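Protein chains: 2
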Amino acid sequence: MATFERFDAHVREHAREYVDELKELIRLPTVSAQGRAVDETGAAVLARAKRAGVAAEALRADGGPPTIVGETGAGKRTLLVYDHYDVQPPDPEGEWTTPPFEPTERGGVLYGRGVSDNKGNLMARLQAIEAYRATIGELPLRVRVLYEGEEEIGSEHLASFVKRHADRLRADGCIWEAGYKDAAGRPTVSLGLKGIAYFELRVRGAKQDVHSSQATIIPNPAWRLVWALATLKDESDRITVDGLMDHVRRPTAADRALIEKLPLDEEGTKRIHGIAGFVRGLTGTELKLKHFFEPTCTVCGLTSGYAGPGSKTVLPAVASAKLDFRLVPDLEPDLVARLLRAHLDRRGFADVEIIPMHGERPSRWPADSDAAKAAVAACRATYGTEPVVYPLMVGSGPMAQVCDELRIPVVGFGAGNAASANHAPNENILLADYIDHIRAFGRFLHTFAGLRLD
Amino acid sequence: MATFERFDAHVREHAREYVDELKELIRLPTVSAQGRAVDETGAAVLARAKRAGVAAEALRADGGPPTIVGETGAGKRTLLVYDHYDVQPPDPEGEWTTPPFEPTERGGVLYGRGVSDNKGNLMARLQAIEAYRATIGELPLRVRVLYEGEEEIGSEHLASFVKRHADRLRADGCIWEAGYKDAAGRPTVSLGLKGIAYFELRVRGAKQDVHSSQATIIPNPAWRLVWALATLKDESDRITVDGLMDHVRRPTAADRALIEKLPLDEEGTKRIHGIAGFVRGLTGTELKLKHFFEPTCTVCGLTSGYAGPGSKTVLPAVASAKLDFRLVPDLEPDLVARLLRAHLDRRGFADVEIIPMHGERPSRWPADSDAAKAAVAACRATYGTEPVVYPLMVGSGPMAQVCDELRIPVVGFGAGNAASANHAPNENILLADYIDHIRAFGRFLHTFAGLRLD
Chain A
118 MATFERFDAH
128 VREHAREYVD
138 ELKELIRLPT
148 VSAQGRAVDE
158 TGAAVLARAK
168 RAGVAAEALR
178 ADGGPPTIVG
188 ETGAGKRTLL
198 VYDHYDVQPP
208 DPEGEWTTPP
218 FEPTERGGVL
228 YGRGVSDNKG
238 NLMARLQAIE
248 AYRATIGELP
258 LRVRVLYEGE
268 EEIGSEHLAS
278 FVKRHADRLR
288 ADGCIWEAGY
298 KDAAGRPTVS
308 LGLKGIAYFE
318 LRVRGAKQDV
328 HSSQATIIPN
338 PAWRLVWALA
348 TLKDESDRIT
358 VDGLMDHVRR
368 PTAADRALIE
378 KLPLDEEGTK
388 RIHGIAGFVR
398 GLTGTELKLK
408 HFFEPTCTVC
418 GLTSGYAGPG
428 SKTVLPAVAS
438 AKLDFRLVPD
448 LEPDLVARLL
458 RAHLDRRGFA
468 DVEIIPMHGE
478 RPSRWPADSD
488 AAKAAVAACR
498 ATYGTEPVVY
508 PLMVGSGPMA
518 QVCDELRIPV
528 VGFGAGNAAS
538 ANHAPNENIL
548 LADYIDHIRA
558 FGRFLHTFAG
568 LRLD
Chain B
118 MATFERFDAH
128 VREHAREYVD
138 ELKELIRLPT
148 VSAQGRAVDE
158 TGAAVLARAK
168 RAGVAAEALR
178 ADGGPPTIVG
188 ETGAGKRTLL
198 VYDHYDVQPP
208 DPEGEWTTPP
218 FEPTERGGVL
228 YGRGVSDNKG
238 NLMARLQAIE
248 AYRATIGELP
258 LRVRVLYEGE
268 EEIGSEHLAS
278 FVKRHADRLR
288 ADGCIWEAGY
298 KDAAGRPTVS
308 LGLKGIAYFE
318 LRVRGAKQDV
328 HSSQATIIPN
338 PAWRLVWALA
348 TLKDESDRIT
358 VDGLMDHVRR
368 PTAADRALIE
378 KLPLDEEGTK
388 RIHGIAGFVR
398 GLTGTELKLK
408 HFFEPTCTVC
418 GLTSGYAGPG
428 SKTVLPAVAS
438 AKLDFRLVPD
448 LEPDLVARLL
458 RAHLDRRGFA
468 DVEIIPMHGE
478 RPSRWPADSD
488 AAKAAVAACR
498 ATYGTEPVVY
508 PLMVGSGPMA
518 QVCDELRIPV
528 VGFGAGNAAS
538 ANHAPNENIL
548 LADYIDHIRA
558 FGRFLHTFAG
568 LRLD
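Protein chains in written order, with our numbering: chain A, 118 to 571; chain B, 118 to 571.
Source of the hints: derived by calculation from the structure; they are not laboratory data. Please read these numbers as outputs of a predicted model, since none were measured by experiment. One or more of the hints may lead you astray.
Sample of chain B residues facing chain A (criterion: CB under 8 Å; computed from the structure) [as the list claims (entries may be wrong)]:
#1 Lys311
#2 Arg319
#3 Lys324
#4 Ser329
#5 Ser330
#6 Ser353
#7 Ile356
#8 Leu379
#9 Pro380
#10 Val396
#11 Val431
#12 Lys439
#13 Glu470
#14 Ile471
#15 Tyr500
#16 Ala566
Restraint ranges, calculated between C-beta atoms of paired labels, are given here [as the list claims (entries may be wrong)]:
#17 B/Ser277 / A/Gly425: 37 to 45 Å
#18 A/Ala467 / B/Thr400: 17 to 25 Å
#19 A/Leu452 / B/Ala301: 35 to 43 Å
#20 B/Ser277 / A/Asp468: 44 to 52 Å
#21 A/Arg464 / B/Ala283: 50 to 58 Å
#22 A/Asp468 / B/Lys193: 56 to 64 Å
#23 A/Glu403 / B/Thr400: 23 to 31 Å
#24 A/Asp359 / B/Gly302: 49 to 57 Å
#25 A/Ile472 / B/Pro542: 24 to 32 Å
#26 B/Arg366 / A/Pro542: 52 to 60 Å
#27 A/Gly425 / B/Ala283: 30 to 38 Å
#28 B/Pro542 / A/Glu219: 40 to 48 Å
#29 B/Gly401 / A/Arg464: 54 to 62 Å
#30 B/Ala126 / A/Asp468: 51 to 59 Å
Okay, the calculated bits of chain B under chain A, using three or more residues with CB under 8 Å as the criterion [claimed, not checked]:
#31 288-300
#32 415-424
Where a beta carbon is used, it is the ideal one built from N, C-alpha and C, also for glycine.
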C-alpha cells in the first residue's frame, strides 16, 4: 500500500470519532466579543494539542486571552500553523435552523458556529498530525502551532505577542486558518489577505437635535457628513482620497496570469445578490483585477437623526458613518488614516472627526514559495484536481502581524465551502470536506518537508 | 369702568376656574398618532363649545376623527377660529418632570402635553367669548370655530373637509392656533406659515447585506445615496435642486422692513444650541432674511447598514435619507417632488426612490389685513407694548388648506412662550400668559368687529 493509502484508510476509519471530537469543541460557545467561554476553550485546545503530541503551553499577553504556542516533530523544515479558537457571535440567533452551539449533522453537512471559521481546521490539522504518526511515522518536519483567542475581535494582543515570542514562532512556511472550496466545488489555495482600515467618521452640530424649521440658520452635521463623504469616492467608484491610489501596487504580469485562470461566475454572483450589474459596469478580467488588486472604500453604515417609520422634522445633532477600506499592498491602516485626515482638512472638513476602529495590514506572498508549491501539490493529490490559486483572499485577518513580521511565506487552504456562511447564521462545512482537509493537511506536511507524494 | 376693565376683572376673578378647566382637557391623552382618546376629546370639546354658546356639531370626513364646526354671535364681520384638540406623543416620557397627562403647576408655570400646542389657546378663546358676553354683551361679530383632531399627524382629511363645508367656514379673518412670546418676553403676531415637503429617499442594492470584502464589485446603495444627496445642496448651504430656487418669491421692501424690526438674539441662539456660528456665516439682516424667506433642504435622518457600537464589515443592502424642505411661496410640495425627481433623473439617479411622506403648502398674508391690524391692536392694548410682527412662522401647519382655500387673511397669537417645548418633554405655558391670551382674544374680537378699544 502506498504511503497515503494507509493514511487515508486510517482517517476514514476514524472519521466518526474525528467529527465527534470537532462537535465537542463547537459546543463551547467561544464568543470572544462577549468574553464567553474563552479561557475554557483555550484550556480545551491546549489539552487537545498536547494529546496530539504538541509540547504546548498557554501564554497570556498583557491581559489578553490565552494564546497557545507549541511545537512537535523535527526536521530541516519548520511549518507554523496559525488557527484561532474563538468564534463570531451567533446573532441573529433566530435564523439558525438548529442552535449554533449544538452542532448538528444534516444531509452530510455539519452545522454550528465555528465549524468553518475556524475550529474545524484547527481540529482537523491536529488529527492529521496524529494520523500521520499512526500510519507513516514521526513527523518529517518541525510543526509549530499558534492558536489565538481573539481573532474575531481584532487580535489586539497578537502583534506584541509575536514580537515577544518570535523565537517560538519562526518557520519556513505558514498555513493560515482559512480555506474554502469555490462555488463550483474546486479546492482553492490562497496566498495572502487584504488588509483593512475601519473608521467611524463623526460630525457634531447643535448640542441636541433641533426642530428642522431652524435649518435655515443652524448647521446640520448630516449635510457636513454627506459633503465630506462625497469627496472620498466618485460615482464611477474611484477612490478620490488624495494620494491613496498612488500607494496601490499595480498587478504584475504574474498576477495577471493568476487572475486569468481564476473563475468568477458573473451571472451566478449577480443572481445570488439580486443585482443587475457590477460596480463600474466591469466584466471579465477587469472585474477580477478590480476585485483582487484594488482597495475599497465602503460606507458600512450611516446614522443620523430620525430612523423610525414615517417622518420626524428634526435637524440632527450628530451624524456618523462607518467606513471601511480594504487594503492591498502597499496601503496600511495608519497611512490611510493620515491620508484621510489630510484630505478632509484640505477641503475644510476639519470638523469631521475620524475615529479609527480596526486596522490590519495586507499580506501577499508569492505563488512559488515552498509552502505554496506544497499546498498545490497536496491539494492536487487529495482532490485529484488542480486547485485554483488565489493571489489573495479579499477578506482580512492578522496575517501581516505574524507572517510579515516573521517573514514567513504563507498559504491557506481548508475545509470550508463557498456557502459556509462564516459570521452568518447556519455556518457549516461538508463532512466530506472535513475529512478531505485532514487528508490534504497530512500530504502538505509530507511534501512541505521535502518528501515525495505517491 | 372702561369696557375692558370689567372684562379683565371678570377674567381675573375666574382665573382659577379657567386654569382648572384647561387642566381637565389636558388630562385627556389625545395622542392622534396613537389614536388615543381622540373621540372622547372631540366629544368634550364639542360639549365645551356648546356651553360657550357655540352652535356646534362634530362631523367626520371619510373616516377621520371628529372635526368640530360651529358658530356663535352675529355682525357684519365673521372670524374663523382654527384650533386642534389633538396633541403630540409625550415621548420621551421619562424626561418629563411630572407626567405629561397630569397637568401640574410649578412656580407660575403649567406643565402638560398640549398646554401650549394647542389645547390652551382652544380653551382660552372659548373662555374669552364667555367673558365677553358676561361683561360686555352679545358678540359684535360672527365667530366660527374649526377644531380638528389630526393636526399633529398631517391633517389628512382637512382639505376635503374644508372644500365640502366651505359655507360653514368662510370668514373675513382667521385666528390660527399658535402664538408665542419671544425669548425677550415680547408678544408676537404672525402672518403665515412656511410649508413643508417631507420625503424619504431610498436606494436598494443587493438583496441582503453583503460582506464588505465584496465592495470591489457589488454596488453600494449607501454611496449612491451620498452621491445623490450631495447634488441637492452645496457646501455653502445653497439648494442646488434644478430650478427650485427659481420659484422662491423674493422679499419685498415691505418684507425687509418687517424683518429689520424683528429681533434675533444671535448670541443667545448660538449659546442655546452650542454652535460657533450660523449657516453660511451669516449675521444680522441677511441671517433673518434667510431664516424667514428662504426654503430649506434638511437631512432629518440617515439610515444604512450597521449603526451599533464598534465595527461591522457590511456592505448595506438599503440606504435611506429622510429629507424635509421648508417651503416659502411659491414652492409647493408637488412642485418640489417633481423638481427633485427630474433633478435626480437628469444626473443618473433614477435608482433613488422618492417616497413622499408629508406635504403642506406655505401660506403668507399681508400685514395690513383687518385681522392683522386687529391682532396688533389687541396685543398692544393687552400687553401695553407693541407686538413683534413676524411675516411668517418658520414651522408649518395646514393653514393653506383652510385660509388659502377660502381666501381668509390669517393671524396668529397665543399663550405660548419661547420655551414652551411644543412636541418636547415638559411642554408648558405661564399661567399669566394663559390669562393674558383670554384678555387679548376678547380685545381682538372687539376690534376685529370694528369697535374701538378703550
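Hint check:
1. Lys311: 7 Å, holds
2. Arg319: At 12 Å from the nearest chain A Cβ, B/Arg319 fails the 8 Å test, so the hint is violated.
3. Lys324: 4 Å, holds
4. Ser329: Holds. Min distance 5 Å.
5. Ser330: Holds, because the Cβ-Cβ distance from B/Ser330 to chain A comes to roughly 4 Å (cut-off 8 Å).
6. Ser353: Status violated, d = 10 Å.
7. Ile356: 11 Å, violated
8. Leu379: 13 Å, violated
9. Pro380: At 14 Å from the nearest chain A Cβ, B/Pro380 fails the 8 Å test, so the hint is violated.
10. Val396: It holds, given that the least Cβ distance between B/Val396 and chain A is near 5 Å, below 8 Å.
11. Val431: 5 Å, holds
12. Lys439: 6 Å, holds
13. Glu470: 15 Å, violated
14. Ile471: The hint is violated - B/Ile471 has no Cβ within 8 Å of chain A, the shortest such distance being about 13 Å.
15. Tyr500: 25 Å, violated
16. Ala566: Not OK, violated: B/Ala566 not within 8 Å of chain A, min 33 Å.
17. B/Ser277 / A/Gly425: 37 to 45 Å: 28 Å, violated
18. A/Ala467 / B/Thr400: 17 to 25 Å: The hint (17 to 25 Å, Cβ to Cβ) holds, given that A/Ala467 and B/Thr400 are roughly 22 Å apart.
19. A/Leu452 / B/Ala301: 35 to 43 Å: Violated - the Cβ-Cβ distance for A/Leu452 and B/Ala301, about 54 Å, lies outside 35 to 43 Å.
20. B/Ser277 / A/Asp468: 44 to 52 Å: 47 Å, holds
21. A/Arg464 / B/Ala283: 50 to 58 Å: 55 Å, holds
22. A/Asp468 / B/Lys193: 56 to 64 Å: 60 Å, holds
23. A/Glu403 / B/Thr400: 23 to 31 Å: Given about 53 Å between the Cβ atoms, the range is violated.
24. A/Asp359 / B/Gly302: 49 to 57 Å: 52 Å, holds
25. A/Ile472 / B/Pro542: 24 to 32 Å: 30 Å, holds
26. B/Arg366 / A/Pro542: 52 to 60 Å: 56 Å, holds
27. A/Gly425 / B/Ala283: 30 to 38 Å: This hint holds: roughly 36 Å between Cβ atoms.
28. B/Pro542 / A/Glu219: 40 to 48 Å: 47 Å, holds
29. B/Gly401 / A/Arg464: 54 to 62 Å: 28 Å, violated
30. B/Ala126 / A/Asp468: 51 to 59 Å: 58 Å, holds
31. 288-300: violated (count 0)
32. 415-424: Since three or more residues must qualify, the claim that chain A covers the region 415-424 of chain B holds, with 10 doing so at under 8 Å.
The structure fails hints 2, 6, 7, 8, 9, 13, 14, 15, 16, 17, 19, 23, 29, 31 (numbered hints given earlier, in ascending order).
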